[in-house]
Amino acid sequence: MQRILVPVDFSETAFHAARYAISIARQLQPTSITLFHAYGLPPSANATVIAMMPGDSPEYIHGVEIEMAKWKQELQSELVEYVQLDTHISGLPFMEAVKEATDKTRFALIVMGITGKSPLGQRFIGSNALDVAHSTHVPLIIVPAGAELRKIKRILFAYDRKQTLQPTQAETILRLQNDFEGQIEVVHITPGEPDNNAPAALMEALQLAPSHYRELQHTDLVTAIQEYAGETNADLLLAIPGEYGLFAELFHRSITKKLAFNVGLPVVVIR
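What the sequence shown shows, in our numbering, is residues 95 to 365, in sequence order.
In case anyone wonders, no lab produced these hints; they're calculated from the structure. It is possible that some hints are incorrect.
Unchecked claim - Here are the computed distance ranges between Cβ atoms for each label pair:
{"hint": "1", "residue 1": "ASP314", "residue 2": "ILE183", "range": "37 to 47 Å"}
{"hint": "2", "residue 1": "PRO304", "residue 2": "THR262", "range": "38 to 48 Å"}
{"hint": "3", "residue 1": "LEU243", "residue 2": "GLN277", "range": "34 to 44 Å"}
{"hint": "4", "residue 1": "TYR154", "residue 2": "THR326", "range": "37 to 47 Å"}
{"hint": "5", "residue 1": "ASP197", "residue 2": "LEU243", "range": "53 to 63 Å"}
Stated by the list, open to error - Once the Cα atoms are required to be at most 27 Å apart in a straight line, the calculated DSSO-like pairs of lysine-lysine come out as:
{"hint": "6", "residue 1": "LYS193", "residue 2": "LYS164"}
{"hint": "7", "residue 1": "LYS198", "residue 2": "LYS166"}
{"hint": "8", "residue 1": "LYS166", "residue 2": "LYS245"}
{"hint": "9", "residue 1": "LYS164", "residue 2": "LYS198"}
{"hint": "10", "residue 1": "LYS166", "residue 2": "LYS193"}
Just so it is clear, CB atoms sit at the ideal spot from N, CA and C, and this is done for glycine as well.
Given only the sequences and the hints, what does the whole structure look like? Please build it.
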């Protein structure tokens with residue numbers, strides 16, 4: 095059974111991410127989805143943050159339990175017989191709780207929204223998504239608020255030739271392609287003249303023909319990816335972390351917001 099972890103902060107964006115998780119779970123049958131909330135404050139939290147956050151009072155925890163039950167009930171109508179939904183609440187700080195959850199259970203995916211319901215919530219959920227992207231080895235799908243709930247068929251891999259695809263990353267990409275029964279296209283953006291010579295090692299690792307590789311000339315990497323994703327009706331954008339390339343630019347906060355609000359394309363990050 096495939097398992098999906100969905101961290102939530104009870105915002106509209108998080109609810110949309112949960113609905114998106116249910117939508118893709120229909121492709122990964124059978125699947126279980128865990129709605130996950132962690133309320134512990136990190137050790138680095140300052141006095142201002144502590145004053146603004148609800149803490150771990152019995153009243154707050156009871157409120158979280160009620161909200162979780164409400165969400166589960168509201169989402170129940172979107173489930174099919176081979177998709178299960180459960181909940182988990184942790185008193186640990188968010189990243190510690192995610193690590194504990196992923197250490198105990200083998201999740202196939204983590205699905206998160208990119209913003210929260212308030213300026214404070216936006217800062218925390220955005221930071222949480224980036225922290226997860228940088229730390230977990232579970233593939234993370236970041237879901238913009240405007241992302242459509244649709245079947246994943248076309249996956250656009252934004253690749254920088256300065257990066258090296260690790261064997262474990264290639265295995266994960268192949269597994270996702272197989273699970274979604276999707277098609278992968280590798281796209282490299284270059285400011286110079288494209289030569290469209292597909293890197294042999296990369297294409298062999300992903301078991302792709304050279305026809306699945308494309309180079310585009312553009313000086314703005316993210317804009318080029320956004321435009322091409324729209325032209326080709328991509329359903330999912332794939333990025334791998336690295337010092338160079340799309341990941342470095344894409345997850346700069348201003349660029350992330352541009353992607354989320356202007357394109358609405360979910361991004362899967364594979365470490």
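Item to complete: Please write out, lowest number first, the hints stated earlier that are contradicted by the structure.
Response: 2, 3 and 5
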